Amino acid sequence: MGYVAVTAGEEIIERAEQLFEKQRIDEDEELAVDQIDGQLSRLTGQAMSEGGLYAPQLAALAVKQAQGDTVEAAFLLRAYRSTLERFDETETIEPSEMIASRRVSPAFKDVPGGQILGATKDYTQRLLDFDLLNGESTDPTAGWDIDDEGDPEELTNVTELLREEGLLHDPDEPVDGEPTDTTRESVTHPPERDAVLQELARGETGAVTALGYSALRGYGQVHPTLAEVRVGRLPVRITHPYTDEEVTVTHTEVTESEAVVPVYEKRTDPQFAFGYGLTFGRNERKAIGMTVLDASIQLDSEDEPAESPEFVLDTVDGMDSFGFIEHLKLPHYVTFQSILDRIRSIRKRQQAGEENNSPSDEQPAEPPTTGASDDD
Amino acid sequence: MVDPHDRSDRFELIAACEEATLARFANDVLEADPPLSVRQEPRPQLLMQQVQEPVQRRPFNLGEVLVTPAEVELDGARGFAMLPGKAERGALSGAIVDAAVAGGHEETPSIVAGLEEVADRRREQRQREWAESKHTAVEFETMEDQE
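Residue numbers (our numbering), protein chains in the order written: chain A, 20 to 395; chain B, 646 to 792.
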């Protein structure tokens, strides 16, 4: 395969870009970045999650610039982050510190802290709401009579409940040192669990969902029960340079999912295996898909795609797949000319062989020719 | 109780403050033209957010968070601030505000009052959001006894 630089007038390329930019302009008021941030937070959340960069306002800008293409928006965020220095790593946060706005446990009906539906349409019909065409939305919670609940409570993690009952094994040994950082070092196989979680956390939503789904459809052994799904805010904490005390800079909105997987057939002491998912933004299907993949990858099998860490991590990143798939539309003239030449050559040799073996004097038809020159 | 006179508390309140408010405080402080040197230019940088997953209790890198830190020295007192996002003006203003309170600048009472308002608003918002979420708390019932 070969690549050569091709030329096309810069002016023409600029025109094509101008035509692209024109598509965001219409006769109505221009969409403001704040509106995207406020009203389309699922889009910005997805872009931040896949870009691996929490920056709501810039994510909204990226979504606007990419005209709603989330992978392109994530690419823009990653390109921006690559120009920045890292100040530091945060203090390590435990997910139980999350200020949850939503927590449901499909596994435990009476989970301590309660089932909090939060903002969701999970239990209602998916029907088009034609009232939104009028653009006159009103706050449906305006008339709520809300009790004073005080400060947010920390909700006990379901895995802790399982651990208290001995249904979940204790960690094998404390892990010292900094976790792997896949933004700074390539993933090697077999990967460490921290690398798997980081790569899945910034995986492309559709890819994570599809690969997780493949395990549920029979291409894998994991069919988990979700212990809980949570949406909320995690503190971003650093050590203050003057006081040496931990201080909170901000909070990131995240979605978390935990699953339990029965492994009684494989162990003498029946316990649960587990899967874990955590990602920036409100993105429950990605967090759940990540959970299924985390549990599947722990089986470390080559039998099914979802259980192969190499397969999953090589295909789940949106930037990689976007780049490779979309580069195919760029000029490949030399590659294609080479393929054409090879096919013509093979056909000529075959025809020559048929002529030599043929008892008749019939001439074979000429292979089709193109106007392509051989000067590439 | 959050105390704006406490350096760590003040850091969190400045980080939660709007850029325009911080800029107004900083302008008030700089009106008398006190000696000011910028020790760290406000420039967007990254914090890698590390989380401990709850089962094996291993930390992993969730992703990076965009922040803008800045550090100044104002009339002999140092100030440090870090704002979420790309916020150069807010971070520099925040560092000036931090240094002003640390050095006992005459604007301290109004700054402290402003930061206390931020603390109140932050607490109210957090409580309101929690109350709204709790308003959707549900008890699922199994239907096995309802044939």
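The set of hints was computed from the structure by calculation and includes no laboratory data. Honestly, I wouldn't trust all of these hints.
What the hints assert, rightly or not - Here are the simulated DSS-like cross-link-like pairs (lysine-lysine), alpha carbons at most 25 Å apart as the crow flies:
id	chain 1	residue 1	chain 2	residue 2
1	B	779	A	128
2	A	140	A	128
3	A	367	A	41
4	A	140	B	779
What the hints assert, rightly or not - Some chain B residues judged to face chain A by a derived CB distance under 7 Å, without partners named:
id	residue
5	650
6	652
7	657
8	697
9	699
10	704
11	705
12	711
13	764
14	766
15	770
16	778
17	779
18	785
19	788
Note that the coordinates shown come from a computational prediction; the quantities given were computed from them, not determined experimentally. Glycine included, each C-beta is placed from N, C-alpha and C at the ideal position.
Quick rundown of the hints versus the structure:
| no. | hint | result |
| --- | --- | --- |
| 1 | B:779 <-> A:128 | holds (16 Å) |
| 2 | A:140 <-> A:128 | holds (20 Å) |
| 3 | A:367 <-> A:41 | violated (50 Å) |
| 4 | A:140 <-> B:779 | holds (16 Å) |
| 5 | 650 | violated (13 Å) |
| 6 | 652 | holds (5 Å) |
| 7 | 657 | holds (5 Å) |
| 8 | 697 | holds (5 Å) |
| 9 | 699 | holds (5 Å) |
| 10 | 704 | holds (5 Å) |
| 11 | 705 | holds (4 Å) |
| 12 | 711 | holds (4 Å) |
| 13 | 764 | violated (13 Å) |
| 14 | 766 | violated (15 Å) |
| 15 | 770 | violated (11 Å) |
| 16 | 778 | holds (5 Å) |
| 17 | 779 | holds (5 Å) |
| 18 | 785 | holds (5 Å) |
| 19 | 788 | violated (12 Å) |
Consistency with the previously given hints fails for numbers 3, 5, 13, 14, 15, 19, ordered from lowest to highest.
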